[in-house]
Structures are given as structure tokens and as C-alpha cells.
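Using the sequences and the accompanying hints, generate a full structural model.
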Amino acid sequence: MAYSQSLPMRDDVPEPPPFITAEVENDVRAKLSATWKEKSGFYGWLTSTNHKSIAKRYLVTAIIFFILGGLEAGMMRAQLSRPENRFIGPDLYNQIFTMHGSTMMFLFAVPVMEAVGLYLVPLMIGARNVAFPRLNALGYWMYLFGGLLLYGAFFFNTGPDAGWFSYVPLSGPAYSPGKRIDIWAQMITFTEIAALIGAVEIVTTIFKLRAPGMSLNRIPLFVWGQLITAFMIIFALPAIVVSSTMLATDRLIDTHFFNPAEGGDALLWQHLFWFFGHPEVYIIFIPALGMVSSVVETFTQRRIFGYPAMLLSMVSTAFLGFGLWVHHMFATPLPQLGQSFFTAASSAISIPSGVQIFCCIATIWSGRPRFTASFMFVLGFFFLFIIGGLTGVMIASVPYDLQVHDTFFIVAHFHYVLLGGAVFPLWAGFYLWFPKLTGRMLSERLGKWNFWLFFIGMNVTFFPMHILGLMGMPRRVYTYLPEMGWGPLNLLSSVGAVFIVASVLVFLSNVFRSLRFGAPAGENPWNAPTLEWATTSPPPAYNHLFIPVVEGRDPLWDAAPGELSVVSGLRTDRHEGLVTSIMDAIPERRYEFKKETILPLLLAIFGGGCIAIAIFTPWGVTVGAIMALIVLVGWFWPTISPDHDTPVARARR
Amino acid sequence: MRRRAVLDVAMLDDHSFGVRAPIWWGNLLMIFIEGAAFALMVVSYYYIRRNFNTWPPERTYLPDMGVSTVNVILQLVSVAPIWYASKLAVAHKSPAEIGRWLMLVVVFGIAAIVLRAFELRGLHTRYDSNAYGSITWMILITHLAHLIAGSIETFLIALVMFIGPVERKHYTDTTVMAVYWYFVVGSWVALWLVVFVSVRFI
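Taken in sequence, the protein lines are chains A and B. Start counting the first sequence at 1; every next residue gets the next number (this note's numbering). Start counting the second sequence at 1001; every next residue gets the next number (this note's numbering).
Calculated directly from the structure, the hints in this document are not laboratory data. Beta carbons: idealized from backbone N, C-alpha and C, even for Gly. Hints may be right or wrong, so weigh each one.
Claimed, not checked - Computed footprint of chain A on chain B, listed as stretches where at least three residues anywhere in the stretch have a Cβ under 8 angstroms from a Cβ of chain A:
#1 1003-1009
#2 1057-1067
#3 1086-1092
#4 1106-1112
#5 1130-1141
#6 1183-1191
As the list claims (entries may be wrong) - Below, in silico cross-link-like pairs of lysine to aspartate or glutamate (EDC-like), each with a Cα-Cα straight-line distance of 16 angstroms or less:
#7 K1087(B) - E1097(B)
#8 K1169(B) - E576(A)
#9 K179(A) - E38(A)
#10 K56(A) - E38(A)
#11 K1169(B) - E592(A)
#12 K594(A) - D1014(B)
Claimed, not checked - Using C-beta positions, here's what the derived DEER-type ranges look like:
#13 F155(A) - D1013(B): 50 to 60 angstroms
#14 P333(A) - R1126(B): 29 to 39 angstroms
#15 I1110(B) - F42(A): 36 to 46 angstroms
Following this line, the structure appears as C-alpha cells:
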């Protein structure tokens, strides 16, 4: 047979190529370091386009917003700790709960998940940078300016006050005069641009820049989670683009999208908002699932159980996530058939989540678990997320939901899901990857304090809220009467918040202490299987000295210990990477990454200025668009540089 | 860590078209985002329809078919020159020739932008009249923004083709621009069917 004859005979198997000598490696290292060196100083900081620098900024900024959002939560707990408290008045309380929700959802949860992705995805797939480095920088600046706009306004008593989902007609021009809601709507514009940019980066990077050999079935689950999430962002965020634009124009130029007197519809807002808002929950949760699988695999030293099942359940969670937005609207007049459909869909989504958890349990069961701080947070995630998931199945039922709608039961439910389902995995991931980011280990002892304080605090704070909700306490009230009997449980809940604050303080001190005194980490302190551990900690600007060639699903466990197959032949005198095919990651072309530049910052200033001025006059859009156009012309201005490939021709005039 | 070089990529080109080019994917994802936004506007259009007894609302004329039909045909015709420019780009033909075809697209684009002003007048309603006016204006204006952005981008690529320095990546840019233009035109056909045609039947 021709086929068998074409197979090499046993003695024909070629010798593996020799190891790259130390001299060659040092030479390549010196050249890459010189080529990828980031500009120093403040200007260098403003112009950086390295995905790791940008992602670290994203992380730090998101953690600062997490702390600000947490302080707002602390103020609310202080106010509610006893009946008829006079610590915060009703107007400020409205602003604070709106700021808390908006901050945690738009300025912390989504950006922090994308930040982790933007840092780790290129390292995990063996790329030198994200596909569009300058666009990536633009995304960060837009996000930062959006946050500054919101908090700048808040400190001038113009913080939004209609809740994080800004229901009309309350947020419309008739009931919310002034600029508070406009600030909210434009903050949304900033953060949605940033989130969409991040999503496009992540999809393109994963599709086209994977190391050779990393076919679809070898992509780490963390990277799959990021990819699925990015697609969810791409299809969910346009809903809030459209609806926040409608709200802004209703308020600014008298359109009537949500004005029932002129044929508009308040429920249209709810549909559009939750068509974004529900997938948003999974946009936060699916990257967290990716982190969980990395942590479980690393700390059980066992390949993840049921990779295809894990992956398919992430995909089906994402699809189902688009089909249950109406369960936020059970208290509105909807056709019964619609309600039944959304009840079924909402209950169905617990199936893929269950598959995930069973696969993780199987991995732990058959592995050798090491109870590090990171792993403890994953165990905490299982516990809390299951509680949140069970109350989720309860409120998926229409009659039950009608009883507890807008009560503290809902507040308890979604804090279990979001803190348990996203913040615990995030912390697990932080303890896992901190050594990679900084080159130093976090203290395990403080890490366990961090875990136990948060775990206890979280349960003491939020579990009583279930009961408060069943007792009828509505959410978003600034105080309550002593006769209601809600005082003791509210006090208990506020005591729990103290534990949470203590836990965050332990975490911060752990980070700052370890940055200076932590034990050096080395390349792969946990013996983890994925490619980010095949380079120094922290990684150099160019990530991997040579782009790895992937030979299995867990590249570092599949290769012989201490050995790595790599790609040669890429240019070292410019920012060059490798483009591979989508399915099988077969090399297709070499690719030049764009270098650092000030243009993203300028575009964010002009584009952002336009968005901010549009709060006051529609001319902001016109002027800002023209200025942004000028920057974009500069962005795409053709230049000849020795870095580039040869120009084909100069046009004949 | 000891490394073996098992794969030499020095002979690979550093230029590609279509699914092999990252920018092609970036552009496609942007089309997904904008397409989703248009789809949600269409949903909103029919959602708002339920609040009115007649459509368009009472005392509002039907939107003018004449000028909007001309604009649809015009935009469909504009696909031909950019398709041809894209074909020339794939064949690495003379930049000046590609530039001339792109300029023709820009002329079509400007014509479509001018006609859009007449289409807006032909709606016989204003964005602040009622919800019908708001949603129809939103659809037309959002698409107008795409026409303007697409025309400016095409113009800039044409300019590069005329003035240079032209690199092979500008050929890829031309093909990606063509895909974006197909989206601008294709989305308008759908939106035109919604705003100008379906209004007569629902």
C-alpha cells in the first residue's frame, strides 16, 4: 500500500534536532530584550502597548474600584445596621447603592476578568503580544476615563441615583432632572467601548496567534473561557449600546423611546437592558470557571477530568445565558407562555453548571489535592456558588419570584453567585498567578487568613439577607422602622461586613509584603502544565524566548521534564510573532506587532472628551468626532521604516 | 529549560489575506458588534409598533419610496467598484489603479450620504415627534454614521494608494475595507426593507 510505504521505517526516524546552545539563547535574548525594551519614564508609561503592562494597569485600576465599591457597601451596611439610623440620608443612599452596583459590575467585574485574560492569554498560547496592541491601550484609557467620569461626578454630588440598571421612567427626563443619569449613561459608553475592544483583542489573539500545534482541542480551558466570554461580550454589549443611547437621547434631545405618552415603552428598556444584563452575569462567571479549572488542575497535579464536557458546558452556559433575560422581569405583565419558557430556561442553565462542578470534583477525587490558599478559594467557590445556584433555581419559578422580587432575598442570591462565583475564583487565580506576575510568592499563611475571614464574613453578611427578604424587607431602602423586626439580622449582616473588610486588608497587606519580601518564585513554582509557566517570572516583554511548539493538551507535562520544542526563524530585530491557522494552529505567516505610541491616549482624550461633552450638548459628538478623526488619520498614516517589509511600489502620479 | 528548535518559520511570508490575516478577523468582529446593534434596533422598531393602532402613526405620511429606492440601488451598485478594487489588491496590481476604483466608491458614498438627507425628510416625521419618529431616525442616523465612516476610510486608503508609501499590508487593508463596505450596504438593504417597505404591510 502506498500509504504504509510512505510511513518512515523504524530505522528512518530522524534524530531529534540538537538542543539550542546557551550561546545562541543568550544572543537571541539580548536581541529580543533590545527590540522589545519599553520606553522608560512617564512618557514611556503613557505610550506602552505591551499587553502585560496594559493588563497590570487594568488589574490595579479594577482592584481600586473594587475597594471603592466595597467602601460604598460598607457605608450601606453601617446605615442599615439599626432601624431609623441617621448616618446617611435618602438622597446620598440612592447615589451610594447605584454607585456600588455600577462600580462592581462595570468598573470591577468585567474589566478585571478581561484584565486577567489580556495578561495571561498571550502567555498561555505562546504569543508575543495581543493582536492589536495599540487598540488594547485605547481600551484601557477609555475604561479609566469612564471610571474617573463616574467618580468625579459622584464627588460633586452628581452621582447617578436610579440603581445600576437605571429603570425608566425613574431614570427618564421627567423623574430624574439634572445630570446624574447622563453621567451614568456616558460611563456606560466608555466601559462598553473598553469591554468590546478587549473582546475583539482576545478573540483575534486566540484565533490567530496560538503557538504551532495548539489545535482547538489543546487550548487550555482558561483560554476557552476567555474566548467564549469575549464572544458573549460581542453579542450582549450592543444591547446596552443601543439602550443607553436611547436613554441619553430621550434625556438630551427629547426623543420618545421610553415615553409612553408618545408611543414609547418603559418595558423596552427592561428588555434591552437585561438582554445585556443577564449575559453579563455569565460574562463574569465563565472566565471564573476557566480560572477554577487552572487552579484545580495545578493543585491536584492531575489532568482535568472531562475536558470535552467542561468545554461544552461552558459553551452551552453561554448560549443559554442569552435565553433567560426575562426572568428579571417576572413582575411585569408578560404572557404566561413567555414566563414558562424563561422559567424552564433559567432552571436548565443549572445543568451545565452542575456538569462543571462534577468534573472538578472528579478531578480532585482522583488527584492529589494540595490545600493551598488558592485551592481553598476554589473549594469556597463550590460551596458558595452551589448555594447561590440553588436560590437561583428557586427564583426562576414565577410565583416564588413574585413574592421575593425586589427584596433582600434577591440581594442575597446574587451576592452569593457573584462573590462566590466570580470573586472567589478570582482570588484563587490571584494566588495561583501572582508569582508569575511579580516573580514572588504570596504568603500562604496570610492567604488562609484572607480566605477564612472572607468566607465567614461573606456568609455572615449575606445569609441573613435571605431571611430578611422572606420577612419582606425591600432592597434599596435607606432605613426601616424598629417595629418591622429587621434590626437584629441587619446588625448581624453589618457585623459580617467587618470580617470582609478585615479580609481585604489582610489581602492587601499580603500583596504589599510579598512584593518586597516574598520568596522568589522561579519559572514554575507549582509545577503547572500550561505555557505561561515556561518563561521567567515575571515574563520578559517578549514573553517567550522562542515561541513554543505544542505537543499536547498540557504542554509542560507532556514534554520531557525540562525540555521544550520551539520555533526558530522569527526576526529578532522587530516586534515579530507568528500567525497560525484557527483549527489546527499550523503556521501561516509572520506578523509584525505595532510598537508603542501616544496615539491611543490622544484618541481616548478626544473621543472621551466628545462623550463627556455630549452630556451637555449634542455638539460634543460632532466636535469630538472630528478631533478623533484627525488622530485616526495619524494612527493609520503610512510610514516607511526599516522594520517593515518592502514597499511594493510608489504610485505613479 | 533546554529547547530544541523543531520548526523553522523563516521562509514564511509576512503578508496574508482573508482568514489568514488578523485584521480581517478584527474587522469581522466589529461587523458582528454593529450587526447586533442594528438587529436590536429592528427589534425595538417592531416592539414600539405594538403601541400604535396604525403604522405609521395617525397623521403621518408613509415614508417616501422613491428616494430611498434610488439610494438602495445606488449603494448596491457601489459594491461593484470596491469588489473590483479588492480583486486588484489580491492580485497585487498597481496602487494607482486600485486608488481610482476606491475613489469611485467614495463618490457613491458621498451620493448616498446626500440622498440620506432627502430620505430623512421623506420620513415625514421628526425624532422628537413620537416613538415612531425616534426609532426611524435612530436607524437612519446610525446607518448614516456607517456611510460616513466607510467613505472616509475608503478615501484614506485611496489616498495612500495615490501618494504612498504603499506597502503590501495596504492591499490587505483594501480587501478588509471591501468586506466592511459589503456590510454597510447589506445592512442597509435589511434596514430599508424594515423602515421603508415593511411599514406598508404591518
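The hints, checked one at a time:
Closer than 8 angstroms: that is the beta-carbon criterion, and the stretch 1003-1009 of chain B has 7 residues meeting it against chain A, so the requirement of 3 holds. Only residues whose C-beta sits within less than 8 angstroms of a C-beta in chain A count toward coverage, and the stretch 1057-1067 of chain B has 1 of them, not enough to reach three; the restraint is violated. For the stretch 1086-1092 of chain B, the proposed coverage by chain A is not satisfied: 1 residues have a C-beta within less than 8 angstroms of a C-beta in that chain, short of the threshold of three. Counting residues of the stretch 1106-1112 of chain B whose beta carbon lies closer than 8 angstroms to any beta carbon of chain A gives 0, which falls below the threshold of three, so the coverage claim is violated.
Coverage of the stretch 1130-1141 of chain B by chain A holds in this model, with 8 residues showing a Cβ closer than 8 angstroms to a Cβ of that chain against a need of three. Look at the stretch 1183-1191 of chain B against chain A: 0 of its residues bring a Cβ nearer than 8 angstroms to a Cβ of that chain, fewer than three, so the hint is violated. Distance restraint check for K1087(B) and E1097(B): the Cα-Cα separation of roughly 12 angstroms lies within the 16 angstroms cut-off, and the hinted pair is therefore satisfied. Taking the CA atoms of K1169(B) and E576(A), the gap is near 15 angstroms; set against the 16 angstroms cutoff, the hint holds.
Taking the CA atoms of K179(A) and E38(A), the gap is near 41 angstroms; set against the 16 angstroms cutoff, the hint is violated. For the given pair, K56(A) sits about 15 angstroms from E38(A) by alpha-carbon distance, which is consistent with the 16 angstroms threshold. The straight-line distance between the Cα atoms of K1169(B) and E592(A) is roughly 11 angstroms, inside the 16 angstroms bound, and the hint therefore holds. Our distance criterion of 16 angstroms between C-alpha atoms is met by K594(A) and D1014(B), whose separation comes to about 14 angstroms.
One distance hint, 50 to 60 angstroms for the beta-carbon pair F155(A) and D1013(B), holds here, with the actual separation near 54 angstroms. Checked against the hint of 29 to 39 angstroms, the C-beta distance between P333(A) and R1126(B) comes to roughly 31 angstroms, which is consistent with it. In this structure the hint that I1110(B) and F42(A) lie 36 to 46 angstroms apart at CB holds, the actual value being about 43 angstroms.
Hint violations for this structure: numbers 2, 3, 4, 6, 9, all remaining hints satisfied.
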